[in-house]
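Starting from the given sequences, assemble the full structure and let the hints guide the process.
Here are the chains, one letter per residue:
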Amino acid sequence: MSAAIRGGVGESRGHALLVHAGLIALTLLSLAPLLWMLSVSFMPAGGASRFPPPLLPSSITLDNYRALFDRIGMGGYFANSALVASAITLLSLLINTMAGYAFAKLRFAGRERIFKLLLAALVIPSQVAMLPLFLMLKQMGLVNSYAGVVVPGLASIFGIFLVRQYARSIPDELIEAARIDGAGEWRIFFRIVLPMLKPVLVTLAIFTFMGSWNDFMWPLIVLTDQTNYTLPVALASLSREHIQDVEMMMAGAVLTVLPVLLLFLMLQRYYIQGLLLGSVKG
Amino acid sequence: MKRSLVAWVFVGPALIVLGVFFGLPVFAALLLSLTDFDLYALADWRNLRFVGFGNYIELLQTPLFWKSLGNTFYFVIVGVPLSIAVSLGAALLLNAPVARFRAFFRTALFAPVVTTLVAVAVIWRYLFHSSYGLVNWALGHVGIAPIDWLGDPQWAMPTIILLAVWKNFGYNMVIFLAGLQAIPQDLYEAARIDGASRRRQFWHITLPMLGPVLMVVGVITVAGYFQLFAEPYVMTRGDPLQSTVSVLYFMFEEGFRWWNLGRASAVAFLLFLIILAITAAMMRFGRKKGMV
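Here the protein sequences come in this chain order: A and B. With numbering that gives the first Met the number 0 as the guide, the letters of the first sequence map in order to residues 0 to 281. With numbering that gives the first Met the number 0 as the guide, the letters of the second sequence map in order to residues 0 to 291.
What the hints contain is simulated information worked out from the structure, not anything from laboratory work. The structure presented is a predicted model; accordingly, all values stated were derived computationally and were not measured.
Per the computed footprint, the stretches of chain B lying under chain A, defined by three or more beta-carbons under 8 Å from a beta-carbon of chain A, are:
#1 20 to 30
#2 90 to 104
#3 121 to 130
#4 163 to 174
#5 274 to 286
Virtual Cβ for every residue (Gly too), placed ideally from N, Cα, C.
Encoded structure:
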């Protein structure tokens, strides 16, 4: 018996070593491209195009970042991205929350049927709508405007679904009691419901912000003038023009990735929760 | 105000946005795919003609469409199993009772998911550069001759697959992790008392118990991988020798470069039908095997 236990301990030590070796290897593979990006962004021009490729800058410089802002107008792209992502986040948060709450707690004709229809529509890839949407926005004069990027993102089925799942746990008695006290529906929504939905609102806000910050295909289609580009669209176009300027492109990549990465690091608890909540029902 | 009216005020904005900017365009795309909408129609709507299934028939006779379909299937068939295997492996490591610093590892492994795809594709282009790239340099140490990753038609798609797997395995890892934590511990205890090895426990307890999660992850990942676009757009522009032209890339070129919006809509619908058919088949298979 004691021999068996001793054998078990030896085996489990080897096992622990293997588990950690695997985790460390995967972590290195996950982080290496991002760390390399950060390192190269501080190298002087031409510093990365050598063999063997240097891992760390021989001397640290901020020239690449300076060039991006002074010559390339990166500040403008950054502002465009921030504006578009913030607008989509704030407006869609309000619209999705109102709808999600109504689907969970208010009674109206056809509620279940409409909700089922929305869930069924989730299988349609958004790209199917893009071609006619472009023609529509052209008619409305919204092509090449921020509004053109924002408008299709003002409501999302996923967002409505997320809020509805969460709002169902609000006790009906609470809402009824407020009604008996004479509170109007808006007052109930803003004073009672919204505070209770706070965790799911944070989750949805992060999801929406990151999604619109990282979005590429639709802004690429609808923004035709370079000065209106969001960061991903600008970066894709710059990387074609400046293919030789590795260091400057990496500085551009840092500026694009860093805001969402920091946001995630600060609020990851909410993000992971939302991810799990959203995948429960596909 | 009547209460049901109030409810409509609450759902109204969302339904209007979804109806006008999603429902209507999807319906219009179906109609558009039955017309010859092109540059001339864009200038003057009177040039628009109804062509029935003409676009679809024409597409089935276009070699590049078939090529893009083949490329996309290659990406899905190799990429999805690889991505799921890495996700599951990472989740098993994180869930091992002996694992320490779990929060740190989980965050690090998840970080690629939240990065911007376009930025990562730009990084990838330099990492896989044939002469200065870190990857060829590292492979050189184990005696592998430099590979022209993005310039060789044989290697361009595998490079894109590696990027996609790197970028998205963390997402499924988190879902698997939740699934693993939901498996009752006494099952493993009973197996251990019976003397079952770790490998046997994995095949006979873990994998069957993960069935429903595996199904969800499989369907989401397949549907997502069929929508390949930004990677070839940024890294290869569909080259070399059109080996990385995906269906969506083909649609984008047809629609927004050549302004054949009728044909492009037909491409979009065919892609939609393919995704629908394949995910439906997966669900049926899963139901038959009792996974769902």
